[in-house]
Amino acid sequence: MGTRVTRSLADAVVPKLFFLCALSSVLATLAIAGLLAFEALGFVQNLGTSAAGTGSLTSLLVGTVLATLVAVLVALPLGLVAAVYLSEFAGPRARRLLELGLDVLASLPTVVLGYLAITLLGPALAEHHVLLSGVALGVMILPYFASQSARAISAVPHNLREGAYALGAGKLATVYRIVLKAALGGIGTALLLAVARALGEVMILVIVTGHAPQGGWDVWVLEASNHLARASLAATIEGALGLVALALGMAVLASVGAAVWLEEYAPRGRLMSRVERIARKLAAAPPIVYGLLGLAIFVRVLGQGESTIAGAAMLALLLLPRMTTAFREALRAVPASLREACLALGADRLRTLGEVVLPAAMPGILRAALRSLARAAVETAPLAWIGALALSALPWRLLGAA
Amino acid sequence: MTSDHPHDSEPPVKMKAEDLRAWSGSEEVIRGITLRIADKRVTALMGPSGCGKSPLLRCLNRMHEITPGNRVEGRVLLDGVDIYAPGTSPAEVRRRVGMIFKKPNPFPHMSVRDNVLAGLRLNGLLAERPDELVERSLRQAALWDEVADDLARPGTSLSRGQQQRLCIARALALGPEVLLMDEPTSALDPVATSRIEDLIHELREHVAVVIVTHNMQQAARVSDYTAFIHEGDLVEFDRTDRIFTNPREKRTEDYVTGKFG
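Protein sequence lines, in the order shown, are assigned to chains A and B. Residue numbers for the first sequence follow our numbering, so the first one is 1 and each next one is one higher. Residue numbers for the second sequence follow our numbering, so the first one is 403 and each next one is one higher.
With the rest of the complex left out, here is chain B (with noise of 0.2 angstroms):
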């Protein structure tokens, strides 16, 4: 289980902000975070409500513009270019960095295969093997024995954590490097967040994981490394194990300690 420790040896970096600086409307909700992300580890950001953990994730797949009157300055690097930079095309960087929401949102009008393929038939693209991508997608979500004998059922037809591990195989299918996941348990129940927790794992074999998450016993469970923000600023970004037990900072200490947030 040596991948488990990340210090071992040191990954190489995926993703890079520098200075990123995110308004939502007027107000400022990301003032200047200069955050690595490490490729195949699970980094996780962490923080009370409002810090503005959820913007900083939407800001690594250009997600925060799309809401009118939003804006992002300072620079996202992804293999060492720019995704912010002029001519760079939005939904290139999100087929290359995957999303998942808090709640899952699979497209009602489609069945459960239709669903893994959206990602490519909203591309234009076609899938060589669709049947082999639609399996392998499903199985790397842990879904696939769940679904695979009616896989033309609607996917709203599942459980909730079925329809976010759903969700997942269909961000899976379009290979991406990078996969950002916002609060994805929030609308669970505990055996659905456990579940998907032990996903995560395996997930990271495969690609670099952006958490978001207000629980800090989620944080600690599935992150190699977390990311405690407060009030739009980083205040402390350490391997995970030290943040909860050796925080350099007060603020973080007194978070995980519990006295605030």
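Same shape as in the complex, but just chain A (with noise of 0.2 angstroms):
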């Protein structure tokens, strides 16, 4: 019977296609990690051979440890104390309102925060240069450490801070003895984390812009935001919305795609598993370093030839691998049990994941899909703004051309 003919073809061919969607999820991701472990090479190099020689290499690193320093001793009291209250001791209103603030000031480019830190210190502190480094870095990682300390704080189970109030404990050293011990690991993982953003996405912007490594990377900052304030707002917005619908189109469906292959068809080898993890923990990476870095590589390879499908399959790109992750948790989430009853009813594969399956995740999966196209304009959109994007290669300068 033609139907079946047609059936046994599409099971045959459906999950080479899913497979090449994985793979291409997978590529970007590693190639866009390559090209950035190949720039940074570079900017060592350079570094290396600039005119002052190893000796800036040496003043670089010492002037980070002690910038870090001094950020910490300005970020972690401060961050520690605003958590604690937070989390503690703000009542409900109060804290949704500073929840949102610091998450709102937490997503923007850290490069964003050093660069007011540095106008407005910079006159003050303009001979103690290690000082300002340090307390812009801390700016920086402020709002990040915050919102995250408060996350780790409030995870403490409650019935640890019952445990203290019932042995007689008032609320301070139930908070110092028990809350802050509790959530230590917590707090040290969000001031490592806080500080390798913010470094990172200095120095992300410092090897894409082809800065020449002088001075410290406040100078960098200031310089790199510096650059562009050229940047025609009016110009982004033309032409925006038709070139995000189409990439959007593309990652969604590359994505899901990709999320099936990897749920439900995937080998569960050890190869395919560590693969696989390796490309999630890329995909974690903020998206400025996929907007930067994707961009690098689309500029080098296309030229200059911009088209809007083009522009949109470099976006689509860029969206993929943290799409797929979303995706993939969304089809995690229906439950095993409906999978269970459509095969026990005797649909095959293919079936039960077109009928039941996907339909079931389809809520999550829209959700998902435009929290990272969200989260995507709004950790990207502000470099924009402060013209901190000197590159040829900018996508809202693509939008533009578009």
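No lab work stands behind these hints: they were computed from the structure. These numbers come from a predicted model, not from an experiment. Honestly, I wouldn't trust all of these hints.
Chain A residues, not near chain B, derived (Cβ > 10 angstroms throughout) [stated by the list, open to error]:
hint : residue
1    : 107
2    : 328
3    : 332
4    : 333
Mimicking SDA-like on lysine to any residue, the simulated pairs with C-alpha atoms at most 20 angstroms apart in a straight line are [unchecked claim]:
hint : chain 1 : residue 1 : chain 2 : residue 2
5    : B       : 504       : B       : 554
6    : B       : 504       : A       : 162
7    : A       : 181       : B       : 451
8    : B       : 504       : A       : 156
9    : A       : 181       : B       : 554
Where a beta carbon is used, it is the ideal one built from N, C-alpha and C, also for glycine.
The two chains are supplied separately, each in an independent frame; assemble them into the complex guided by the hints.
Shown next as structure tokens:
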């Protein structure tokens, strides 16, 4: 019968398509990471051969370590006080407002905060280079550190607090001796992540803008930001909608395919799971990394030949790794009992997928798609505003050209 | 075994709730309960889930009010003094009236020893002879023999039943006069449960024990007095043997014979 033939053909071909999607997602991630490594290597070599020679590398390291120390001195007490207040003392309304504010600040690229801090404090601290760098770095890590610490503190099980209260401990003793100690690991991680994120974002900007490795990174922040106040906001918004829609369409289709293959078809071998874990870790990097490096690839490979489709394809490529991860969560959230019920009725895998699993996962998939798009936009857009992106390779520039 | 028969001599009253009312948010969960807690006896609070027995227990050491939006009215007397009187420190009350929770909650960053001493440390007190206090508390909690060889291991490395006994030792180290237990065996297997029940028998030599349970057999096994709570009301309060063999109220009878709950 004709339908049966079509059916078995579909059974053979469709999973292969899913596999290609998965492959492209992993390859995109690895390519972006590879390019980052390549550029970083070039940067360090450049440092070694620059005029000041190895001295500049040492002074760069020492400067960074000192600045980080100052930053931790600034951000640790402030961030902890904010986090403790937020999770232990604030009323519900104050907490909601504060949480929102911190999250917004924390989701800005840290370079924006650093830029603000340096412009505001620059005149007062111009003489003290290290102090200025440190304070700026402190400001950069503060919101992320505070919001992550608050999360770690809130995650301390409520029954530990009750245990302490039941022993007659006061609120302060409970917070200080039980809650903070129990959250110590999470707070340490928050601090490390915050510093790594801030330093990483500055370095990426410096690398991609091809900056001469002179001075400290505070100089880089400022110069990188000064590079382009010429970005035309109007041109940016022009034509953006069509391009974003196109990109979203491509990214969603490919990500669904990739997620389905990885969740439903992928062999559960050790190599597979290892590759996949690496890809997932890489996908967790801030989108700004993908934005900048993906654009660098794009410009290098395609030259100046920008078109709407090419631009959209690139945007889609950038969205792919994160979206795939998010879609997989949505697919995994579909109860196994639904799948089993469908298979027990005699439906084949593809049927089960199309008729039961995907429809059940659809709300989650849509939510995840919107969220990844919004995050990517929120994290890259402010850079265009302060003109930190001196690259000819800006998505926003592409949008304008489209 | 005369002490096993509370009616031989009426024990003195350790705590007394008078017309106690409590709200969780806007819901009235305790609707005017008056109840006596006998000293050095075990009192069980029994009833179907959601009947208000846990909030009632938590009113007895002022733990109910730590959840924002909760409220308590009425009086709770401890040795004749109202623990809700203005100027009374809740912390002071909680030191005298200890509490054990459904799920064992040893502090994860502390060793077995530090967990036992946690109550003192948290209150800024120093034990005069900490090692003796640790041993005495652990012995009272029937845990000493199992942990004595390594008191420095993390409290969370113990089995669940051991963790619960560690929490009991932690409460005992403060020398409480009353011990409140909120379904202390609900997260434990039968063997660990029976160890805790044995322990409750020993504890009543030193302190007044109030235990919340929805398990009738447990109430019958461990308690001298039983209060049957239903929808925030105290339906019946009597000696445990009478509640189970000859209840006065129809609702109590229906519950203990398994007709509802």
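Now for the hints, and whether the structure bears them out:
The non-interface label for residue 107/A is consistent with chain B: the shortest C-beta to C-beta separation is roughly 29 angstroms, beyond 10 angstroms. Interface exclusion of residue 328/A from chain B stands, the closest Cβ pair being 31 angstroms apart, more than 10 angstroms. With a least beta-carbon separation of about 28 angstroms from chain B, residue 332/A lies farther than 10 angstroms from that chain, consistent with its non-interface assignment. Here residue 333/A stays apart from chain B, with its beta-carbon at least about 26 angstroms from theirs, past the 10 angstroms limit.
A C-alpha spacing of about 25 angstroms is found between residue 504/B and residue 554/B, which places the hinted pair above 20 angstroms, so the restraint is violated. The hinted pair formed by residue 504/B and residue 162/A meets the criterion: a straight-line CA distance of about 11 angstroms does not exceed 20 angstroms. Our distance criterion of 20 angstroms between C-alpha atoms is broken by residue 181/A and residue 451/B, whose separation comes to about 34 angstroms. Of the supplied pair hints, the one linking residue 504/B and residue 156/A holds, its CA atoms being roughly 17 angstroms apart against a limit of 20 angstroms.
Our distance criterion of 20 angstroms between C-alpha atoms is met by residue 181/A and residue 554/B, whose separation comes to about 17 angstroms.
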